[in-house]
Structures are given as C-alpha cells and as structure tokens.
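Whenever a hint applies, use it, and build me the whole structure from the sequences.
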Amino acid sequence: MTAFAAFFELGFQHITGPDGLDHIVFLVVLCAACQLWQWKKLLVLVSAFTVGHSISMALALTGVIVLKTKWIEWLIPVTILLTAIGNLKWEQKEQSKKRIWQIFGVVLFFGCIHGMGFSNYLKSLLMNNEGLTTSLLAFNIGLEAGQFIVIGVLLLLAFLATGLGKIPPRVWSRILNGTAGILAIFWVIGKFLEE
Amino acid sequence: MHRFLIVGLFVAATLHLSFRHAFYVSICQIEHNTASSGLEITHQFFIDDLEKGLESLGTGKLKIGTTEELAKANVYLKKYLKKHFNIWVDGHATDWEFIGKETEDDLIWIYLEITDVKTVQHLKVQNSMLTDVYDRQTNMVHVRSGNDQQTLLLSKDKMSGDLVL
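Just so you know, the sequences run in chain order A and B.
For the first sequence, position 127 matches number 127 in my numbering, and the numbering has no gaps at all.
Add 1000 to the 1-based position in the second sequence for my numbering, that's all there is to it.
In short, the hints are calculated from the structure, not lab data.
No residue lacks a Cβ here, since even glycine has one placed at the ideal position from N, Cα and C.
Hints may contain errors.
Taking lysine-lysine pairs in the DSS-like style, the calculated list, with each CA pair at most 30 Å apart, reads [unchecked claim]:
{"hint": "1", "chain 1": "A", "residue 1": "Lys70", "chain 2": "B", "residue 2": "Lys1101"}
{"hint": "2", "chain 1": "B", "residue 1": "Lys1078", "chain 2": "A", "residue 2": "Lys123"}
{"hint": "3", "chain 1": "A", "residue 1": "Lys123", "chain 2": "B", "residue 2": "Lys1082"}
{"hint": "4", "chain 1": "B", "residue 1": "Lys1118", "chain 2": "B", "residue 2": "Lys1078"}
{"hint": "5", "chain 1": "B", "residue 1": "Lys1061", "chain 2": "A", "residue 2": "Lys191"}
{"hint": "6", "chain 1": "B", "residue 1": "Lys1156", "chain 2": "A", "residue 2": "Lys123"}
{"hint": "7", "chain 1": "B", "residue 1": "Lys1063", "chain 2": "A", "residue 2": "Lys68"}
{"hint": "8", "chain 1": "B", "residue 1": "Lys1061", "chain 2": "A", "residue 2": "Lys68"}
{"hint": "9", "chain 1": "B", "residue 1": "Lys1052", "chain 2": "A", "residue 2": "Lys70"}
{"hint": "10", "chain 1": "B", "residue 1": "Lys1063", "chain 2": "B", "residue 2": "Lys1082"}
{"hint": "11", "chain 1": "A", "residue 1": "Lys123", "chain 2": "B", "residue 2": "Lys1158"}
{"hint": "12", "chain 1": "B", "residue 1": "Lys1061", "chain 2": "B", "residue 2": "Lys1072"}
{"hint": "13", "chain 1": "B", "residue 1": "Lys1079", "chain 2": "A", "residue 2": "Lys123"}
{"hint": "14", "chain 1": "A", "residue 1": "Lys89", "chain 2": "A", "residue 2": "Lys123"}
{"hint": "15", "chain 1": "A", "residue 1": "Lys68", "chain 2": "B", "residue 2": "Lys1101"}
{"hint": "16", "chain 1": "B", "residue 1": "Lys1118", "chain 2": "B", "residue 2": "Lys1079"}
{"hint": "17", "chain 1": "B", "residue 1": "Lys1156", "chain 2": "B", "residue 2": "Lys1052"}
{"hint": "18", "chain 1": "A", "residue 1": "Lys123", "chain 2": "B", "residue 2": "Lys1052"}
{"hint": "19", "chain 1": "B", "residue 1": "Lys1118", "chain 2": "B", "residue 2": "Lys1082"}
{"hint": "20", "chain 1": "A", "residue 1": "Lys98", "chain 2": "A", "residue 2": "Lys68"}
{"hint": "21", "chain 1": "A", "residue 1": "Lys40", "chain 2": "A", "residue 2": "Lys123"}
Sample of chain B residues at the chain A side, in silico, Cβ under 8 Å [stated by the list, open to error]:
{"hint": "22", "residue": "Gly1008"}
{"hint": "23", "residue": "Val1011"}
{"hint": "24", "residue": "Phe1085"}
{"hint": "25", "residue": "His1142"}
{"hint": "26", "residue": "Leu1153"}
Pulled from the structure, derived: some chain B residues nowhere near chain A, Cβ distances all over 12 Å [claimed, not checked]:
{"hint": "27", "residue": "Ala1035"}
{"hint": "28", "residue": "Gly1060"}
{"hint": "29", "residue": "Lys1063"}
{"hint": "30", "residue": "Thr1067"}
{"hint": "31", "residue": "Leu1070"}
{"hint": "32", "residue": "Lys1083"}
{"hint": "33", "residue": "His1092"}
{"hint": "34", "residue": "Asp1106"}
{"hint": "35", "residue": "Lys1124"}
{"hint": "36", "residue": "Gln1126"}
{"hint": "37", "residue": "Met1159"}
Next comes the structure, spelled out in structure tokens:
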C-alpha cells in the first residue's frame, strides 16, 4: 500500500480502537449534548471538535505549540468531565443562537487539546518527521472517517435505547453523561497521581 | 436512577482499568541503494519497548543507551532481530549485517545492511519485532526503490508482507 493508505488506516484504527478510548468518550458526551432530532447542533459540535483537533495537530507536529504529554493526557479527561457536567447542568435550558456559538468556541478549544494527543501518537509513527504533510493529512482523514463511524454507532444506540427501548431521552443522556463523567474523574485523578 | 448510577460506576471502573495510553509502534525504512548495490535498513523503536522484547531472551536489564549499557547488549539485539526480522530478495533468503545503533531520548535507531543487491523485483519482509511482548504491536515498513515507495503494516496477525517493486 501507499504511505497515505497506511496512515489513513492507522488514523482510523486509532480512534475506533482501544487506544482511542478517551477520544471516543469525548464523542459520547458530545452526542449526549444533543437529542436525536438536534442534528444541526450535533453537526456544529462535531465540526468544532474536528476543526480544533486538526489545527492543533498541525501546530503540535510542526513544533509551534509544545505541551508535556503528561499534561495533555490529564487535560483530555478534563474536557470530558467539563462537557459532561455542562450537559447535566444545562440540559433543560433552551439554547439561543448566541449560546451555540459560545459552545462552539469551547468545543473548538477542547478539540485543540485532543489534537495534541493525536499528534503525540502520530509523532511515534514518523522517523525524523519524514513525509510529515502527507502523513498528517492521511492520518487526519482516517481519524475523521473513524469519528464518523463512532458517531454513527452512538446515534444508532441512542435510537435503539430511546426509540425501541423506551428509555426517556433525558434519562439516556444522563446515563451517558454520568458514566462518562465518572470515568473522566477516574482518569483525571489517576493521571494526576502518576508521577 | 440509583440502578443507573451503579451500572455507570461499574462500566466506568472497568473501562478505566482496561485503558492504557501507550502506543505500540515501530518504524522500519528499507532503501535500495543502486549505487552501492545494497539494501539500507533503519529501524526505529522506543527503547523501553525494545528492552522488553530483548528481556524475553532472558537478558535481564540491558540499560541500552545509557553509560551502564551491558557489553552483551548488541549480541542479544542481533539475536532478537534475527528471530523477528528477515528479508527475501526475489525469493532468496538474505543475511543482513548489523551496522550499528544510535539512541536519543526514548528512541533507538538500528542500522542494518544487505550487500550485493543489484536489482530487486520482489521483496518479502518479515517484521514480527515485539509482537511476542505486545499483542497490539504495529510495525510499519516503508520500502523505497528509485521513485517507487510502498508501505507495509505488519502485526501479530500479519508478520510478513510481499512487495512487487
């Protein structure tokens, strides 16, 4: 295969496999911020995440931003926890247009943090930064494709749970936010205690 | 609601315990140098991962890349490489020569060479390095010959691959 295909595959595997669990859980809380019919809102949130992680991946790989791996791995569960708390706190509030853009900004920033995590992984796939542009592009497209699948599965689960399973949407969303939030607390504490 | 909380807690704890943020990857670059009629090979590993692999030979701590590196480190390294990294040129098994190694921070580069390779049409690469210690190990192999460049992704399920150059 070409190097492009290889990096695409690794990007896809990274976000759909066990290594990318922290990113998957973030996608869970993003989806949990929306009801099934709020597809426009979900689209805005996912775009913000994508734009954020694409920008920071490029910046981190080219050495423009440098942050210790330990901090990045600590901040990733923090983004999950804050999103889950935000979802639970504001679940009943009607959202204005202005508020959506504020949320867009926050998710964009959270995406930047995840992007630095992605770039750490991609760095380990490069020798002397050779073929940086191609591999970054292919890896990122692979990530987006994988993200698309993850969100598809989450929407399907939401449909099965709330539609066929008759779980009220608000309860379903609380289950997701609660579980992800607890998991994030474990990670935040665990990472902090690691020397 | 309490039921959900207990299930949520259980799921979270299980996921937390099963999650490790570690990347199990190595990179290998094979370049056909027509001028010197040789295949020049560079491996890149994380030092701690490679040491884990070498320890499977019963080496104990080798302290590679430090001033306390054991004198036998290269012997074990070659032994481990012979077991896990082999190349066939146009159907013929080859013997690589160990040129040397370099380390920087947490990375190690290993240089190998196969001499007397004037032309290559078909290349078979076996790279099962570290698949014996990490189930999720991925070994990325880039092969370059002239303008042609191809890549193999090797793992425990697929330890070798064939390329037509």
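Hint by hint, here is what the structure shows:
no. : hint                  : verdict
1   : A/Lys70 x B/Lys1101   : 28 Å, holds
2   : B/Lys1078 x A/Lys123  : 26 Å, holds
3   : A/Lys123 x B/Lys1082  : 27 Å, holds
4   : B/Lys1118 x B/Lys1078 : 25 Å, holds
5   : B/Lys1061 x A/Lys191  : 27 Å, holds
6   : B/Lys1156 x A/Lys123  : 22 Å, holds
7   : B/Lys1063 x A/Lys68   : 24 Å, holds
8   : B/Lys1061 x A/Lys68   : 27 Å, holds
9   : B/Lys1052 x A/Lys70   : 22 Å, holds
10  : B/Lys1063 x B/Lys1082 : 21 Å, holds
11  : A/Lys123 x B/Lys1158  : 23 Å, holds
12  : B/Lys1061 x B/Lys1072 : 11 Å, holds
13  : B/Lys1079 x A/Lys123  : 28 Å, holds
14  : A/Lys89 x A/Lys123    : 37 Å, violated
15  : A/Lys68 x B/Lys1101   : 27 Å, holds
16  : B/Lys1118 x B/Lys1079 : 27 Å, holds
17  : B/Lys1156 x B/Lys1052 : 16 Å, holds
18  : A/Lys123 x B/Lys1052  : 21 Å, holds
19  : B/Lys1118 x B/Lys1082 : 23 Å, holds
20  : A/Lys98 x A/Lys68     : 34 Å, violated
21  : A/Lys40 x A/Lys123    : 34 Å, violated
22  : Gly1008               : 4 Å, holds
23  : Val1011               : 5 Å, holds
24  : Phe1085               : 16 Å, violated
25  : His1142               : 6 Å, holds
26  : Leu1153               : 5 Å, holds
27  : Ala1035               : 20 Å, holds
28  : Gly1060               : 24 Å, holds
29  : Lys1063               : 20 Å, holds
30  : Thr1067               : 24 Å, holds
31  : Leu1070               : 26 Å, holds
32  : Lys1083               : 23 Å, holds
33  : His1092               : 24 Å, holds
34  : Asp1106               : 10 Å, violated
35  : Lys1124               : 16 Å, holds
36  : Gln1126               : 17 Å, holds
37  : Met1159               : 16 Å, holds
This entry does not satisfy hints 14, 20, 21, 24 and 34, going by the numbered hints stated previously.
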